[in-house]
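Trainee: One letter stands for each residue in the lines below.
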Amino acid sequence: MEHEIVHTLLPAIIIFVPIISGLLLFFLADRLYPYKEYICIGVTGLFFILVLSMYPAIKSGKILLGIFQYFSFPLSISFKVDQLTFFLGLFFSFVWFMAACYSPGYMAHEHKKERYYAFFLMAEGGCMGTIFAGDLLGLFLFFEFMALTTYVLIAHEENAITMFAGAKYLFMTVGGGLAVFFGLLTMYYLTGSVTFARPGLITEPSSLATAAFIAFMIGFGLKAGLFPLHVWLPDAHPAAPSPVSAALSGVMLKTGIYGMIRVVFNVFNPDFISKANWDMIMLVLAGITILLGSAMALLQDDLKRRLAYSSIAQIGYIVLGVFLLSQQGLTGGLYHLFTHAFMKGLLFLCAGAIIVQTGIRNISQMKGIGLKMPLTMVFFTIASVTMVGIPPFNGFISKWQLSLASLDAGQPIFVAILILSSLLNAAYYFPIVITAFFPGEKAAHHGHDDAEGHGYADQSEKVHSAAMETNHVNAHHGGHQVYYGGRLAQEAPWHMVVPMGLLAIGCVAFALLPYNWPWELAQMAVRSLFSM
Amino acid sequence: MNGEPLNNELVGILPLAIVMIPFIGAALATPLGRLSEKYRDYLTLTVTALTCILSALLFFYSWQGVVTAKFNIGFGELPLYFRVDQLGAVFNLLSSFIWFLATVFSLSYMTHEKRRNRYYTFYLLTLGGCLGVFLTADLFSLFFFFELMSVASYLLVVHNQSEEAISAGRLYIFLGIFGGLCLLTATILLYWYTGSVLIEPRLEELIMVPARILILVLLIIGFGIKAGMVPLHIWLPKAHPVAPAPASALLSGIMIKTGAYGIIRVLTVIYTPSGEEAKTLWAFTEQIGYVMIWFGITTMFVAAVMALFQLNAKRILAYSSVSQMGYILMGVGVCAYLGLDGAVAFGGFSFHIVNHAFFKAGMFMMVGAVFFRTGE
Numbered sequence: 033m034e035h036e037i038v039h040t041l042l043p044a045i046i047i048f049v050p051i052i053s054g055l056l057l058f059f060l061a062d063r064l065y066p067y068k069e070y071i072c073i074g075v076t077g078l079f080f081i082l083v084l085s086m087y088p089a090i091k092s093g094k095i096l097l098g099i100f101q102y103f104s105f106p107l108s109i110s111f112k113v114d115q116l117t118f119f120l121g122l123f124f125s126f127v128w129f130m131a132a133c134y135s136p137g138y139m140a141h142e143h144k145k146e147r148y149y150a151f152f153l154m155a156e157g158g159c160m161g162t163i164f165a166g167d168l169l170g171l172f173l174f175f176e177f178m179a180l181t182t183y184v185l186i187a188h189e190e191n192a193i194t195m196f197a198g199a200k201y202l203f204m205t206v207g208g209g210l211a212v213f214f215g216l217l218t219m220y221y222l223t224g225s226v227t228f229a230r231p232g233l234i235t236e237p238s239s240l241a242t243a244a245f246i247a248f249m250i251g252f253g254l255k256a257g258l259f260p261l262h263v264w265l266p267d268a269h270p271a272a273p274s275p276v277s278a279a280l281s282g283v284m285l286k287t288g289i290y291g292m293i294r295v296v297f298n299v300f301n302p303d304f305i306s307k308a309n310w311d312m313i314m315l316v317l318a319g320i321t322i323l324l325g326s327a328m329a330l331l332q333d334d335l336k337r338r339l340a341y342s343s344i345a346q347i348g349y350i351v352l353g354v355f356l357l358s359q360q361g362l363t364g365g366l367y368h369l370f371t372h373a374f375m376k377g378l379l380f381l382c383a384g385a386i387i388v389q390t391g392i393r394n395i396s397q398m399k400g401i402g403l404k405m406p407l408t409m410v411f412f413t414i415a416s417v418t419m420v421g422i423p424p425f426n427g428f429i430s431k432w433q434l435s436l437a438s439l440d441a442g443q444p445i446f447v448a449i450l451i452l453s454s455l456l457n458a459a460y461y462f463p464i465v466i467t468a469f470f471p472g473e474k475a476a477h478h479g480h481d482d483a484e485g486h487g488y489a490d491q492s493e494k495v496h497s498a499a500m501e502t503n504h505v506n507a508h509h510g511g512h513q514v515y516y517g518g519r520l521a522q523e524a525p526w527h528m529v530v531p532m533g534l535l536a537i538g539c540v541a542f543a544l545l546p547y548n549w550p551w552e553l554a555q556m557a558v559r560s561l562f563s564m
Numbered sequence: 004m005n006g007e008p009l010n011n012e013l014v015g016i017l018p019l020a021i022v023m024i025p026f027i028g029a030a031l032a033t034p035l036g037r038l039s040e041k042y043r044d045y046l047t048l049t050v051t052a053l054t055c056i057l058s059a060l061l062f063f064y065s066w067q068g069v070v071t072a073k074f075n076i077g078f079g080e081l082p083l084y085f086r087v088d089q090l091g092a093v094f095n096l097l098s099s100f101i102w103f104l105a106t107v108f109s110l111s112y113m114t115h116e117k118r119r120n121r122y123y124t125f126y127l128l129t130l131g132g133c134l135g136v137f138l139t140a141d142l143f144s145l146f147f148f149f150e151l152m153s154v155a156s157y158l159l160v161v162h163n164q165s166e167e168a169i170s171a172g173r174l175y176i177f178l179g180i181f182g183g184l185c186l187l188t189a190t191i192l193l194y195w196y197t198g199s200v201l202i203e204p205r206l207e208e209l210i211m212v213p214a215r216i217l218i219l220v221l222l223i224i225g226f227g228i229k230a231g232m233v234p235l236h237i238w239l240p241k242a243h244p245v246a247p248a249p250a251s252a253l254l255s256g257i258m259i260k261t262g263a264y265g266i267i268r269v270l271t272v273i274y275t276p277s278g279e280e281a282k283t284l285w286a287f288t289e290q291i292g293y294v295m296i297w298f299g300i301t302t303m304f305v306a307a308v309m310a311l312f313q314l315n316a317k318r319i320l321a322y323s324s325v326s327q328m329g330y331i332l333m334g335v336g337v338c339a340y341l342g343l344d345g346a347v348a349f350g351g352f353s354f355h356i357v358n359h360a361f362f363k364a365g366m367f368m369m370v371g372a373v374f375f376r377t378g379e
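Residue numbers (our numbering), protein chains in the order written: chain A, 33 to 564; chain B, 4 to 379.
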């Protein structure tokens, strides 16, 4: 398929819109303070619309490319939007937009909001820049930028736990970035080019090529959360504010996978990788990641930690799809990428709604919460059912495709791993939903008794600890007023429920419509990748 | 069975309508119930009556020819495929009629219970899923409705939210999801090896497939869990007693029949040869039938003996259901064993399914009526 290349600065402009807005918001914080939420929501919405506007061009097979040449630096930085990056960019910008709409409600009681919104915008620019970069150098630059801006978001709370998680993340991700840089250097040394214009730049096996591959996998695998470099994830995701967790899990992890896809298809090519048997190593790692993530998730009581381990497992699915090196596998992986962005984004937003409304982070304290926050828990249920892979929700399609692709590749063990992981998914999501809606008689009385002593006291929320003292006086259980952790539990405000609802619709709607738009886009992306 | 397809476009909408009307009813039940309990009851009654009438219509059409309909939804290459032959139409009509009777029963029984809106919503969702199972043409669509039915019926099992109900529900949904995943694995393997998941006589293809025994075992486990085949029946004596009486009637009377329906389709359709000359292939079907006969006999006896020791009326009925499913499964086994002469067995177990649906549903409702009046 011939792809007509359209030279335009649109991708570049799109990336710099959130970055510059974020910088403005940060430096002009005093003047812009009253408008910060509107700026954030407006810019992310604008970004989404701008990405959407590229759809007609992408659909007709064009690629949008913008190249910048700097002084005498031999490499140019380019921004490219092709079928694959459009697919990713569209759904990621939507998830980011939803997280932005959700933020004002969540951040209402927080401190340093201007910093949050500024870096939220800049992080979006960083993530999207990584995806829309047309060559490895641009990807690397935005990769580092994304790492720094997301660090600020992760460490937002500035308490001991959060700073530790942030530090762990920062050191690991900078290390990962350096690994990518090594790969970048090696690639330039071996081939003289770092662009994604043609497939298979490195074609001769050599120890340097192997080193480059390992470096790339370390760098991108760390960002994606692949075993054994996933260790920053279970600390970072719970520590961050929930909309940031949604964006991290939904979008940032996927940039690592995008990097891997580019490495497989553009730096090396699939034949080379399968001849060198590197795909087997990555498949084994993916399998371990899936099982490890699912198993560890079962053991967690902190809801966000459980969701973080679940993300690790789901990333394993996507990496499995990529390294099966077939069209079907990649389609399944890409579709799962989209599905997971929506599902996990929704799950983290629901978790955040529960935290904001009740102060509870631990699943054992969430008995009966579905009765007080029905919409939130219904969305949580929808997302959980999608995760398990029950039709007619989206998750089923990706599991089906990945299973078929594994069989095609002669690796039936992965079908067993996928099915086992689905069972584990059900085992760690359904009990949350069940205890939320069916607390049982005893739990309703204990709901506020054991909430006061546990878990959340060491997170910063000063508002919660003040309210908890009043709980001793106000222990009150009746039909409508149940106190959880000292706060009256009621449904989240509409501006938090609406983004969650839109994501939930996204989880359900596409599989039921005759024309499954993300599916078509994923197939288009895969076809363009394989036909280069 | 008359295999000629019915060439009538309009009739093709019937299977979809039969499935969609309960879904729409389920969506409307809770909002309407918030407004007025009376109107919600009328809605449920109307929905189930309408479904029953449409099922009767479909039954009538199915005697003229097989009704098929295909709907493309966004699952990539897998359409939602309906194919109603006489067996499916009989099950369908049976289920919708008994569901209607159970609805009439529910309207007054549930006045003693709480959370009626939720009950009716999931009641209708389960109806849609259950009927969908009987109307489908391929394993994928069957799986779709089967999972929906399992998840929706969970809400009926845990309805009164007692400790017992929640623990029964936990076992129910765990085994339900596990069974569903077994079915999914079998479907994936079948699709990959043969390129199609249609329910039609395919032993010629399947005999070449190296994983044919694995697929068979997975299908039997998946459907057997739902059917209450020993040793996969363990959820049944816990779940059926704790549900409200009309839901128990439906669980025992109809929903376990979906498992039986699956096993019937597997043994008498998928794993049978389609050609006349393939006499040697029938030997394979005979062997499967023989194994199923023994499972059926075991189920019959084990459950009947267990029933003797129970003191709770509903638990006796639950074990009795398992035992009766043993009769049915043995009949299915005999049908497969006898091969081309298996029509007698086919008639036998079909008739038993119809009878059992009526009398078990009736017994559960009777026990429920006693409970309603006396509290015992």
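Just to be clear, a hint being listed does not mean it is correct.
[Stated by the list, open to error] To be clear about the criterion: a stretch of chain B counts as covered by chain A if any three or more of its residues have a C-beta under 8 Å from a C-beta of chain A, and this derived list gives those stretches: (1) 142-154; (2) 159-170; (3) 192-198; (4) 234-247.
[To be verified] Selected chain A positions facing chain B (in silico; Cβ < 7 Å): (5) F196; (6) I422; (7) S435; (8) L439; (9) A441; (10) G442; (11) I445.
[Unchecked claim] Simulated restraints, written as ranges between beta carbons of each label pair: (12) P213(B) <-> N309(A): 23 to 29 Å; (13) E523(A) <-> Y293(B): 54 to 60 Å; (14) N309(A) <-> I237(B): 53 to 59 Å; (15) P463(A) <-> A307(B): 32 to 38 Å; (16) N163(B) <-> L60(A): 45 to 51 Å; (17) T377(B) <-> I193(A): 57 to 63 Å; (18) E167(B) <-> E146(A): 53 to 59 Å; (19) T33(B) <-> M195(A): 44 to 50 Å; (20) T197(B) <-> V530(A): 52 to 58 Å; (21) Y65(A) <-> K73(B): 38 to 44 Å; (22) G74(A) <-> I237(B): 33 to 39 Å.
Simulated from the structure, these hints should not be mistaken for lab results.
Don't be surprised by glycine CBs; every beta carbon is placed ideally from N, CA and C.
Trainee: For each hint, tell me whether it holds in the structure or not.
Mentor: Evaluation of the provided hints:
no.: 1; hint: 142-154; verdict: holds (count 5)
no.: 2; hint: 159-170; verdict: holds (count 5)
no.: 3; hint: 192-198; verdict: holds (count 3)
no.: 4; hint: 234-247; verdict: violated (count 0)
no.: 5; hint: F196; verdict: violated, 37 Å
no.: 6; hint: I422; verdict: holds, 5 Å
no.: 7; hint: S435; verdict: holds, 5 Å
no.: 8; hint: L439; verdict: holds, 4 Å
no.: 9; hint: A441; verdict: violated, 11 Å
no.: 10; hint: G442; verdict: violated, 11 Å
no.: 11; hint: I445; verdict: violated, 12 Å
no.: 12; hint: P213(B) <-> N309(A): 23 to 29 Å; verdict: holds, 26 Å
no.: 13; hint: E523(A) <-> Y293(B): 54 to 60 Å; verdict: holds, 58 Å
no.: 14; hint: N309(A) <-> I237(B): 53 to 59 Å; verdict: violated, 45 Å
no.: 15; hint: P463(A) <-> A307(B): 32 to 38 Å; verdict: holds, 35 Å
no.: 16; hint: N163(B) <-> L60(A): 45 to 51 Å; verdict: violated, 60 Å
no.: 17; hint: T377(B) <-> I193(A): 57 to 63 Å; verdict: holds, 58 Å
no.: 18; hint: E167(B) <-> E146(A): 53 to 59 Å; verdict: holds, 54 Å
no.: 19; hint: T33(B) <-> M195(A): 44 to 50 Å; verdict: holds, 46 Å
no.: 20; hint: T197(B) <-> V530(A): 52 to 58 Å; verdict: violated, 46 Å
no.: 21; hint: Y65(A) <-> K73(B): 38 to 44 Å; verdict: violated, 58 Å
no.: 22; hint: G74(A) <-> I237(B): 33 to 39 Å; verdict: violated, 57 Å
When each numbered hint is compared with the structure, violations occur for hints 4, 5, 9, 10, 11, 14, 16, 20, 21, 22.
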